[in-house]
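Asker: Here are the chains, one letter per residue:
There are 2 protein chains.
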Amino acid sequence: MTTTQLTSEIRKKQSFLCVGLDIDLNKIPKFLLEKEDPIFEFNKAIIDATHDVTVAYKPNIAFYEAYGIKGWKALDKTIRYLNEKYPDVFTIADAKRGDIGNTASMYAKAFFEDLNFDSVTVAPYMGRDSVEPFLNFENKHTILLALTSNNGAYDFQTKQLEGRELYKEVLEVSKTYANSNRLMYVVGATKASYFTEIRKIVPNAFLLVPGVGAQGGSLDEVCKNGISENVGLLINSTRGIIYASNKEDFAEVARNEALKLQQQMQAYL
Amino acid sequence: MTTTQLTSEIRKKQSFLCVGLDIDLNKIPKFLLEKEDPIFEFNKAIIDATHDVTVAYKPNIAFYEAYGIKGWKALDKTIRYLNEKYPDVFTIADAKRGDIGNTASMYAKAFFEDLNFDSVTVAPYMGRDSVEPFLNFENKHTILLALTSNNGAYDFQTKQLEGRELYKEVLEVSKTYANSNRLMYVVGATKASYFTEIRKIVPNAFLLVPGVGAQGGSLDEVCKNGISENVGLLINSTRGIIYASNKEDFAEVARNEALKLQQQMQAYL
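Protein chains in written order, with the UniProt record's numbering: chain X, 1 to 269; chain B, 1 to 269.
Possibly wrong hints are sitting among the right ones.
To be verified - Here are the simulated DSS-like cross-link-like pairs (lysine-lysine), alpha carbons at most 25 Å apart as the crow flies:
| id | chain 1 | residue 1 | chain 2 | residue 2 |
| --- | --- | --- | --- | --- |
| 1 | B | Lys30 | X | Lys109 |
| 2 | B | Lys35 | X | Lys70 |
| 3 | X | Lys30 | B | Lys35 |
| 4 | B | Lys70 | X | Lys35 |
| 5 | X | Lys73 | B | Lys70 |
| 6 | B | Lys35 | B | Lys12 |
| 7 | X | Lys200 | B | Lys159 |
| 8 | B | Lys224 | X | Lys109 |
| 9 | B | Lys247 | B | Lys70 |
| 10 | B | Lys30 | X | Lys175 |
Stated by the list, open to error - Pair by pair, the computed Cβ-Cβ distance ranges are:
| id | chain 1 | residue 1 | chain 2 | residue 2 | range |
| --- | --- | --- | --- | --- | --- |
| 11 | B | Glu34 | X | Thr176 | 40 to 48 Å |
| 12 | B | Glu197 | X | Asp249 | 32 to 40 Å |
| 13 | B | Arg11 | X | Lys27 | 42 to 50 Å |
| 14 | B | Gln14 | X | Tyr86 | 32 to 40 Å |
| 15 | B | Glu34 | X | Gln160 | 53 to 61 Å |
| 16 | X | Asp37 | B | Gln160 | 34 to 42 Å |
| 17 | X | Ile69 | B | Glu197 | 38 to 46 Å |
| 18 | B | Lys175 | X | Asn83 | 33 to 41 Å |
| 19 | B | Asp249 | X | Asn83 | 41 to 49 Å |
| 20 | B | Lys77 | X | Ala267 | 53 to 61 Å |
| 21 | X | Lys224 | B | Thr196 | 46 to 54 Å |
| 22 | B | Lys27 | X | Glu197 | 44 to 52 Å |
| 23 | X | Arg80 | B | Ser8 | 42 to 50 Å |
Claimed, not checked - Computed far set for chain B versus chain X, every beta-carbon distance over 10 Å:
| id | residue |
| --- | --- |
| 24 | Arg11 |
| 25 | Lys30 |
| 26 | Thr103 |
| 27 | Thr148 |
| 28 | Glu162 |
| 29 | Val170 |
| 30 | Leu219 |
Keep in mind the hints are simulated off the structure, nothing from the lab. Virtual Cβ for every residue (Gly too), placed ideally from N, Cα, C.
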């Protein structure tokens with residue numbers, strides 16, 4: 001999917017909502033545990049109930065990996081379901097990978113080709129030759145961690161690296177990478193005041209924004225400071241939507257929560 | 001495994017060699033491709049042939065992930081084989097993971113509990129709360145990326161962050177993390193001149209050193225500048241050992257290459 005298509009989907013659905021699919025078997029409704037593949041059944045129900053107000057889905061790969069082969073099968077089924085039934089939805093493998101050339105290519109192949117995700121999150125610490133192998137893939141997007149929403153972000157990301165904060169250096173340097181037009185960035189919503197600064201460096205890049213809702217960020221502040229001409233925002237919510245109810249009505253309740261966010265978003269479109 | 005046990009294994013085998021198990025089906029001997037699980041058969045033969053001169057094995061997870069469920073099964077069989085047949089060997093999941101609290105715990109659980117690796121490599125960019133969940137596990141080790149062996153390391157790692165290079169800041173800050181005694185560090189051998197500096201900050205921590213051999217680092221320089229009282233070095237070689245031959249004799253040739261490195265290493269012990 002191109003960013004032009006993504007922007008057009010956003011305008012059509014009047015939503016830049018991304019729903020996180022971080023599946024914890026302790027949190028999903030009990031009755032699903034009797035099914036053959038509870039993770040996939042849960043995801044399918046959430047997707048079916050929310051797809052018309054959602055432009056992107058983001059499984060965090062850790063949650064699947066933690067269930068071993070069963071988890072990978074559920075991930076595989078989920079992404080196939082999305083690609084077959086809702087091909088206009090943008091898909092994000094939240095993997096935060098980062099390794100050198102050769103190995104980065106293997107990760108890129110796994111997520112972009114085998115699983116056919118539209119995008120993958122990547123860590124910047126190892127620099128250019130850990131990112132460019134991902135950027136080689138046409139119509140695929142690499143979402144680089146810039147400023148994350150956790151407290152640990154203050155350990156290094158906001159410290160001054162040769163005159164500017166490390167996260168700004170990451171943004172600037174990454175613009176010089178080959179095929180940098182395929183870059184997007186993770187920017188935590190808990191630091192909405194930084195959005196103005198970030199837009200000076202990457203005026204039109206898509207920003208994936210976690211941390212709205214459960215993690216405490218303000219949707220309003222993010223939208224005001226972060227929105228660009230092509231919208232350029234994907235705002236993620238996970239727990240506030242998928243775990244809003246753990247009863248039989250979980251999908252319906254999830255839809256209501258997604259709808260609330262979509263209704264707030266359309267005011268900015 | 002404790003670091004005391006690791007040092008004792010190193011002294012017993014007179015080796016601090018780590019063999020990388022980065023399996024590429026295009027590079028392994030053709031006759032293995034007819035087997036039911038070529039990746040595992042290859043690993044098993046390499047391990048059986050090299051275990052007495054090797055203290056650690058390091059599968060890079062990307063190579064397994066790239067083969068999907070088949071790859072995960074091969075990884076699972078490989079680590080089980082190592083743990084059952086050679087429990088005194090130190091095992092490293094080279095995963096370079098990095099994510100926040102909740103998610104980091106899922107990754108830690110996957111590698112430390114489900115797969116029962118002794119250690120996992122972790123990226124530092126997201127800071128304290130992305131590393132400490134790994135450090136919670138007793139007798140397990142978290143190998144933090146400090147200074148990597150690729151060119152991209154110059155993008156950020158060697159730049160000045162508030163008065164000292166970022167990689168030094170990573171070393172210093174990580175020492176304040178809870179259970180920091182369970183930390184080890186990745187330090188690329190292509191920058192052997194940095195080892196003296198690094199030893200000033202972490203005098204006794206184990207350093208996992210990739211980049212000797214194929215990536216161009218000098219074993220001699222690393223040993224001279226990097227060795228500590230408890231040895232504190234694990235020097236990795238992958239391609240120079242496991243792909244030294246792709247014929248029927250691959251395991252025997254791999255053993256000879258491992259033996260050569262072990263013989264160089266014993267001079268420093």
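Asker: Hint by hint, say whether it matches the structure.
Answerer: Going through the hints against the structure:
no.: 1; hint: B:Lys30 x X:Lys109; verdict: 22 Å, holds
no.: 2; hint: B:Lys35 x X:Lys70; verdict: 24 Å, holds
no.: 3; hint: X:Lys30 x B:Lys35; verdict: 41 Å, violated
no.: 4; hint: B:Lys70 x X:Lys35; verdict: 24 Å, holds
no.: 5; hint: X:Lys73 x B:Lys70; verdict: 11 Å, holds
no.: 6; hint: B:Lys35 x B:Lys12; verdict: 35 Å, violated
no.: 7; hint: X:Lys200 x B:Lys159; verdict: 23 Å, holds
no.: 8; hint: B:Lys224 x X:Lys109; verdict: 39 Å, violated
no.: 9; hint: B:Lys247 x B:Lys70; verdict: 24 Å, holds
no.: 10; hint: B:Lys30 x X:Lys175; verdict: 42 Å, violated
no.: 11; hint: B:Glu34 x X:Thr176: 40 to 48 Å; verdict: 47 Å, holds
no.: 12; hint: B:Glu197 x X:Asp249: 32 to 40 Å; verdict: 59 Å, violated
no.: 13; hint: B:Arg11 x X:Lys27: 42 to 50 Å; verdict: 48 Å, holds
no.: 14; hint: B:Gln14 x X:Tyr86: 32 to 40 Å; verdict: 59 Å, violated
no.: 15; hint: B:Glu34 x X:Gln160: 53 to 61 Å; verdict: 58 Å, holds
no.: 16; hint: X:Asp37 x B:Gln160: 34 to 42 Å; verdict: 51 Å, violated
no.: 17; hint: X:Ile69 x B:Glu197: 38 to 46 Å; verdict: 43 Å, holds
no.: 18; hint: B:Lys175 x X:Asn83: 33 to 41 Å; verdict: 45 Å, violated
no.: 19; hint: B:Asp249 x X:Asn83: 41 to 49 Å; verdict: 44 Å, holds
no.: 20; hint: B:Lys77 x X:Ala267: 53 to 61 Å; verdict: 54 Å, holds
no.: 21; hint: X:Lys224 x B:Thr196: 46 to 54 Å; verdict: 50 Å, holds
no.: 22; hint: B:Lys27 x X:Glu197: 44 to 52 Å; verdict: 46 Å, holds
no.: 23; hint: X:Arg80 x B:Ser8: 42 to 50 Å; verdict: 49 Å, holds
no.: 24; hint: Arg11; verdict: 32 Å, holds
no.: 25; hint: Lys30; verdict: 21 Å, holds
no.: 26; hint: Thr103; verdict: 4 Å, violated
no.: 27; hint: Thr148; verdict: 5 Å, violated
no.: 28; hint: Glu162; verdict: 5 Å, violated
no.: 29; hint: Val170; verdict: 7 Å, violated
no.: 30; hint: Leu219; verdict: 20 Å, holds
In the structure shown, a violation is registered for the earlier hints numbered 3, 6, 8, 10, 12, 14, 16, 18, 26, 27, 28 and 29, in ascending order.
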